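Enquirer: What follows is each chain in one-letter form.
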Amino acid sequence: MSNRTHGAHIVPLRDAVADLVHDGDAVALEGFTHLIPFAAGHELIRQGRKDLELIRMTPDVLYDQMVGMGCARKLVFSYAGNPGVGSLHRVRDAVEHGWPHPIEIEEHSHAGMANRYAAGAADLPFGVLRGYAGTDLVAHTNVKFITCPFTGEELAAVPALRPDVAIVHAQEADRRGNVQLWGIPGVQKEAVLASARSLVTVERVVDELEPCPGGVVIPGWCVDAVAVAERGAHPSYAHDLTDRDNDFYKLWDEVSRDRDEFRAYMEEHIL
Amino acid sequence: MSGAGAGSGEVQTIVAARHLADARSVFIGVGRPSTAAILAREIINPDLVLVYESGTIGAKPRKIPLSIGDGELAATADFVVSVPEMFNYWIQPGRIDVAFLGAAQVDPRGALNSTVIGDYDAPKTRLPGAGGAPEIARGCRRVMVVAPHTKRTFVERLDFLTTDARPVAVITDLGVLTPDPGDGELMLTRVHPGVTVEQVRDATGWDLRVAEDLTTTEPPSDAELNALRELLAR
Chain A
1 MSNRTHGAHI VPLRDAVADL VHDGDAVALE GFTHLIPFAA GHELIRQGRK
51 DLELIRMTPD VLYDQMVGMG CARKLVFSYA GNPGVGSLHR VRDAVEHGWP
101 HPIEIEEHSH AGMANRYAAG AADLPFGVLR GYAGTDLVAH TNVKFITCPF
151 TGEELAAVPA LRPDVAIVHA QEADRRGNVQ LWGIPGVQKE AVLASARSLV
201 TVERVVDELE PCPGGVVIPG WCVDAVAVAE RGAHPSYAHD LTDRDNDFYK
251 LWDEVSRDRD EFRAYMEEHI L
Chain B
1001 MSGAGAGSGE VQTIVAARHL ADARSVFIGV GRPSTAAILA REIINPDLVL
1051 VYESGTIGAK PRKIPLSIGD GELAATADFV VSVPEMFNYW IQPGRIDVAF
1101 LGAAQVDPRG ALNSTVIGDY DAPKTRLPGA GGAPEIARGC RRVMVVAPHT
1151 KRTFVERLDF LTTDARPVAV ITDLGVLTPD PGDGELMLTR VHPGVTVEQV
1201 RDATGWDLRV AEDLTTTEPP SDAELNALRE LLAR
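Here the protein sequences come in this chain order: A and B.
Yeah, the first sequence ends on 271 if you go by the numbering used here, and it's all consecutive.
Yeah, the second sequence ends on 1234 if you go by the numbering used here, and it's all consecutive.
Heads up, some of the hints might be wrong.
[As the list claims (entries may be wrong)] No more than 30 Å apart at the CA atoms, straight line, and that leaves these computed lysine-lysine pairs for DSBU-like:
id	chain 1	residue 1	chain 2	residue 2
1	A	K74	B	K1063
2	A	K250	B	K1124
3	A	K50	A	K250
4	B	K1151	A	K50
5	A	K50	B	K1063
6	A	K144	B	K1124
7	A	K74	A	K144
Read the hints as simulated data drawn from the structure, not as lab findings.
If you're wondering where the values come from, they're calculated on a predicted model, not measured in any experiment.
So that you can see chain B by itself, here it is in the shape it has in the complex (with noise of 0.2 Å):
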């Protein structure tokens, strides 16, 4: 059974949810990230380790924050640890698995700005900055970035680099970009289902590759389906 009639911000937090599956702790700031990674780990991955950059570490959230410092998610952690702690014994040495990271801009090598769009002294939008990601980036093994796919995000030449993400993954809410193996530019390997790829093409900022053997993601199944309503309702 396929979960008819799932939005595109839901198809996106799926998928972002089904890339947990192999992983033993996730790295996730607010907003889809964080909703896809509770929802993980309560259908897909339940020995998933939720890290928020707060100093939570094995969150176990019921219900979405709406900032990493919420109560709950300190109420309900393994262990909390101080900032520097964080950065210095947990996520430089690559003790935490996956890293999601949002921004404001993506470039086609997977870089991020998430600090100035315009030019940095005289800003056009000051947007808010670095906070943990170039370290976040560094020191996880492996970086996604979940963002939304419009041509004002993924931009040929970024406004300001923020972050050297070097994401395996890109996943939006119209398909999922990886690196291609040969000089790490991305490239369109699966579109959502009911996507074109010219529909992705159109809301890239630049001339998009499409792998050879581009596939359709798997429809949201139901249970999925339900699971994610049921814990935005909450």
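Chain A on its own, in the form it takes in the complex (with noise of 0.2 Å):
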């Protein structure tokens, strides 16, 4: 936090990862699709973290990789599924057959987590929404309903997100550590908000930020370290800079299929 008056520091990525996350953190790694931090998520994997409460609206491969190789004591999500192709295996089997640990989950609609990130961006203790009605969810998570003091509608309350940590990945930064992402923005913005402490990966440092149309910025006094990595979300993508990797999705869906493929795929490509 004490960085933030002056901007965002901009430090090697192991540094950022070593300095910022913890054993037992709650962190969220956020990008909806588009803009995931892999290559954090990956140095977090390197670095042998353990203990994470793992938030995410679409845990994606990435949460599929932490969760195989043992990252995770909980997992917070919507959608746990590989976008287009079918089943996180690795979540799966952590889930239904506790490898390699048994995990917590806590499950959410995609409404009710973007409410949670809301409410803690603007430091309310909840969120509140027209949602989870009439679905077996409610008796599985954290939902309760309340009363509109204003109209008696009956209303969904959702508890505010607080992460330990959040990191995102985005375009591009300035030296003073703004950030500026743009394509599709997902709930990157909120998630950094409502952290106590936070990362963004850039694929590129630029002397001025250039405002984009539909760009989202945030500034450098609200991240605590920007890190350089470049093709830093692959197999997802950078709007305008990278493509998403749609065979790796395919493919991901073989590798992860096998504990001990996933183990060797792992060990060759990321450790």
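Assembly of the complex is requested from the two constituent chains, each provided in isolation within its own frame, with the hints serving as guidance.
Expert: Spelled out as structure tokens, the structure:
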């Protein structure tokens, strides 16, 4: 936090992860299909972080890898699939068979998770929505129903998300650590503002940010560290700079089915 | 002219596309619903606004996307919004006309399970989960379910109720089910060409009602079938 009054420090990814993320932390690596911070997640795996509460709307291949490598104590999510392909086999193995160890899950709907982040960013205790109606989820997750004090309408209340650390990926930052991202903005801004600490990985550092249509700017004084990670979203992508590697997502379906094949892949390519 | 030799999946996609003839906007996930919506925009309803969960509103993909977040969706969209904005400003107030939803299980009322097969705490098969479905079903004005017609999918009782979808139509590869105006139970109102009522009932996990005025789907035209095949080949 101390860095924030002067803007984010631009530091090597390894140092940023070592400084900001500790065993047992609640960590949100966000990016809704787009701009998923794979490079940072892989660094967490290499540094052997464990007991993490991993928060993400769509765990995607990244959390499949982290869960399979034993980083997670708990998974908080709303859609745990391989988008357009099928299952996340490592997440399934952990939930169905407790491999490599059992994990706790807390699942919501997308609207619930989005409002939890937004409430966290606004420093409110809960988010409110018309949701969770007629679903068995209510019995298995953290949602309560409240009555609107003005109209009497019954609404769903979801507790604010306040992660210890948010990690997001963006196209670029300037030298003072101001960040700009564009394309599908997901819930990254909310995740950063909701979290106690934050790390942004970027494709490139520029002298000055050129405002971009639809661009989301996160000021450096709201970010603890910026690290350069070129192609750091792969197999996800950074709009205008890299392409989503759809073949990798299909390949992952095969690689991740088998525990040994998964381990071998991670040892060869990530560790 | 009829599109001879259409496969059952092709018929399902084309019938789903036809259901969007008068829709202003449609909320879609990936897979067959997405293909149907892209096809509808190309040959049936050029003004149809395609809305993907990733925040892309008015997307005009030329190719079938693998994921809801493919770059082409954002690049061709009228505008792109954050996830909180998508759910709070666009879906919740009912600004999106039709939602296409899929599921692993569909029950006689059209309620959906996309969470788990078996017990929640000791799952036989853990499915991806709710995603946006509960609030999409509640917020969008009309829900249509697109699902493969098998006994595994069409079950008397869901293992888990993820989404109280209350669909106006369930479009399968065998026919179309719509709610009985009396009590809302799904009823077979249309069979696709070459499909018998017995076939549909055999593929349904409950004693499926059949409408008195059951009709047969108009076969895909050559134009529809060619457009679909050309789209899939891009």
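Enquirer: Hint by hint, say whether it matches the structure.
Expert: Verification of the hints:
| no. | hint | in the structure |
| --- | --- | --- |
| 1 | A:K74 - B:K1063 | violated, 37 Å |
| 2 | A:K250 - B:K1124 | holds, 24 Å |
| 3 | A:K50 - A:K250 | holds, 28 Å |
| 4 | B:K1151 - A:K50 | violated, 42 Å |
| 5 | A:K50 - B:K1063 | violated, 41 Å |
| 6 | A:K144 - B:K1124 | holds, 28 Å |
| 7 | A:K74 - A:K144 | holds, 21 Å |
When the structure is compared with the earlier hints, violations turn up for hints 1, 4, 5 and for no others.
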